[in-house]
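Produce the complete structure using the sequences and hints provided.
First to last, the protein sequences are chains A and B. Note that the numbering used here numbers the first sequence so that position 148 is 148, with each residue one more than the last. Note that the numbering used here numbers the second sequence so that position 184 is 184, with each residue one more than the last.
I should point out that these hints are in silico values taken from the structure, not numbers from a laboratory. Glycine included, each C-beta is placed from N, C-alpha and C at the ideal position. Don't take every hint at face value.
Under the rule of at most 25 Å between Cα atoms (straight-line distance), these lysine-lysine pairs were calculated in the BS3-like manner [to be verified]: (1) B:Lys217 - A:Lys106; (2) A:Lys260 - B:Lys397; (3) B:Lys260 - B:Lys294.
Far from chain A by the CB rule (all over 12 Å, computed), these chain B residues [what the hints assert, rightly or not]: (4) Pro41; (5) Lys48; (6) Tyr163; (7) Pro214; (8) Lys234; (9) Glu243; (10) Lys294; (11) Asp350; (12) Thr376; (13) Ser391; (14) Lys417; (15) Glu433.
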Amino acid sequence: MKEIKLLYLYPDMLELYGDYGNIQVLKYRLEKRGFNLIVDKYSIGDEAPDFTSYDIVFAGGGADNEQSILSKDLIKYKDNIKEAVEKGVFILLICGAYQLFGKYYKGVEGNIIPGLEVFNYYTVAEPDRKKRCIGNIVLKVNLNRYEKNNQENLQSDNTEEKNDNLEESKVETEVIGFENHGGQTFDIDSPFGKVLYGNGNKFGDTEEGFFKENVIATYLHGPLLAKNPEVSDYIISYCLERKYNEKIELEKLDDTFEEKCRAQLLEKFLGEKE
Amino acid sequence: MYNTLVIIFAKILNFFANILCKILHKDNGNMLGKIVKKLSPDILKSIKIDCPVIAVTATNGKTTTNNAIRYMLEQNGKKVVSNREGNNMETGIITALIKNCTLTGKIKADFVTFEVDESYVPIVFKKIPLNTLVVLNFFRDQLDRNGEVESLILKINEFLKTYDGNLVLNNDDPNVARLGRANENNKNVYYFSVDKYKYATEEQSEAGEGKFCPFDKTRLEYEYYQYSHIGKFKCPKCGYGEENLYTKVENVDLDAKTFKEEDISYEFLANNIYTIYNYAAVISVAKLYDLDAKETIKTFKLDNGRAENVKINGCETIINLAKNPTGANVSLRTLNEDKEEKELLFVLNDNSADGHDVSWIWDINFNVQNVTRIVTAGTRAYDMAIRIKTSGFDANKIEPYLDLKEALQALYKTNTKKYVIANYTALQPTRREILR
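Structure representation (structure tokens):
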């Protein structure tokens, strides 16, 4: 049976907003199609994992206190994590984890919490603790940027075949979630989506999150994948095809609840705006 | 002088408001408090209270425990002034005191008891005296409205640094017991605990907060979990978790509905472990004032959607409020402890008072047993349906309805026993619709 191996980072510390639900959704959508999801957990005190041996790495959002404790631990794996990203391991980061993978996080008192520097963005805490980007959020995402960003890689081998795959896996959709962050994230060169409703990387921003072919980093809770089956399936396709090096057609699932939910909420939020 | 006039004005206002409310069959909630607070922000300082003031705060169980304390005091023949369900912020407390004071602002009672919102404890009790503070638990709750649990605890801890009245604390919640060390000089700290019950587990089965020792950040070790992070914990480094107990409830039997405390046997009507914790707090308060709680606990009825048990056309229905993951988890725990076949209705709203963020439903452990069908309703009925489906429950047996009436019609198509869980703004409309 085909399987995906997921590394779940700090499940006992980054677990504030139901982000674990993302793993449950992936598991559900894989198992319904006869694939397996293996989840390994890593937290402080556990044996060091090899990030490159996984198909997907996941980390969620946590309380400030926990985040400052674990950032010191996570930084030990900086080089291994960079290597995993370069090798194409899928990285799904929500909220606090999104921030941790950047250059640094500058706290309210001006204190700098160093990030993993895997990506070039950085985050600055909003000085007024009471001011946070909180609320429902809707994005327009386009998850197929391979051609634009990695033209050279694409040319290297099997250009034709890869091009075929690209056409098939094109994902353009609205993403619905909930944001709750004081941090304002700057220097994003390729955002996850355009903001249709809500704030985004900063107060009143037009862009949200960070995206690369194998990276989704975002402030969206909800959890992110609950109401966005197309994003879930993008991740699943990516991981399976990378691992088994073949085109894998995902069986269509019954997404009636998801579709009804999306229709209701898109109407509510986008209708509200007009 | 100004405040005296405000009180007189408020009393007159209250008189007419009451008449108007009677005519309109409406509840004026804490309107009075809101108006009075506008006129005089520090009005609480002008209310004269000579009797002991007891306050209950917690994430879950404030209303039930405060009502049970009031009932206990009344059964002991005391005259009690108290606030009403949910009106537990400053304006709710002003309303309760204005309604019950004399024209000169005096409270004539033997006791005053309040349920107080966690974040309002420092604000309210800067202005009025406090003799006994009961703290039951801290769970994650509407993070988009309340913020992180830790900052809430720190606020109360700060207040307690200069407080030396009675402090009644749940020894089995690491986030609560720590408050006993806020003021080293306070000799009036009383811990209560409930001994391991039948369905306690060795592993944590529901989302919780108590993972690290608040004093040295070491991971806490648990002998067992009663529910969520409530249980017997200890810090392996500093030994935190081993306080002397003032009240220790033992031999909890939810089937026979009995427990023991200091050789006294108690009978009760509840069907869940978290209410037993509330009762342990009530017993502690009774002991502090040399009163008897045995009759109270035997006859105290849970109602108004707090594990309320009703019969609808002969169909047994249990209604329970759940506004955060722990609330929902303990409700589902009770459902699972009941071995009969049953159906579940979950009503989820995302109005302002509920918090707009419904991500918390993913912290609910939906591993339900002997449930043949689940109906979901409320403004987020579909979110709930997705959540339940993903937990592995057969999607064909989940019926989402945005309309509450339709949901209830669907629910009562069968005569199977019902469990109803509703969040904050969903509870009363759901109750009304069921009890019609």
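Against the structure, the hints:
Restraint check for lysine 217 of chain B and lysine 106 of chain A: satisfied, since their Cα atoms lie roughly 23 Å apart, inside the 25 Å limit. Between lysine 260 of chain A and lysine 397 of chain B the CA atoms are separated by roughly 17 Å; this keeps the pair inside 25 Å, and the hint holds. With a C-alpha separation of about 10 Å, the suggested pairing of lysine 260 of chain B with lysine 294 of chain B holds against the 25 Å cut-off. A cut-off of 12 Å between C-beta atoms confirms that proline 41 of chain B is not in contact with chain A; the least separation is 19 Å.
At the 12 Å boundary, the C-beta of lysine 48 of chain B stays outside the reach of chain A, the nearest C-beta of that chain being 35 Å off. No Cβ of chain A approaches the Cβ of tyrosine 163 of chain B within 12 Å, the least distance being about 24 Å, so the stated non-interface status holds. Look at proline 214 of chain B: its CB is around 10 Å from the nearest CB on chain A, not clear of 12 Å, so calling it non-interface is violated. Lysine 234 of chain B, annotated as away from the interface, keeps every beta carbon of chain A farther than 12 Å; the closest lies near 17 Å.
Annotated as non-interface, glutamate 243 of chain B keeps its C-beta farther than 12 Å from every C-beta of chain A; the closest such distance is 23 Å. Every CB of chain A lies more than 12 Å from the CB of lysine 294 of chain B, the least distance being 41 Å, so the non-interface label holds. Listed as a non-interface residue, aspartate 350 of chain B fails to keep its Cβ farther than 12 Å from every Cβ of chain A; the least gap is roughly 9 Å. With a minimum CB-CB distance of about 9 Å to chain A, threonine 376 of chain B fails to clear the 12 Å threshold, and the non-interface call is violated.
Separation of serine 391 of chain B from chain A is inadequate, the least Cβ-Cβ distance of about 7 Å not exceeding the 12 Å criterion. Remark: the non-interface label on lysine 417 of chain B is consistent with the geometry, its nearest Cβ contact in chain A lying 25 Å away (cut-off 12 Å). With a minimum CB-CB distance of about 21 Å to chain A, glutamate 433 of chain B clears the 12 Å threshold, and the non-interface call stands.
Against the hints set out earlier in the document, violations occur for numbers 7, 11, 12 and 13.
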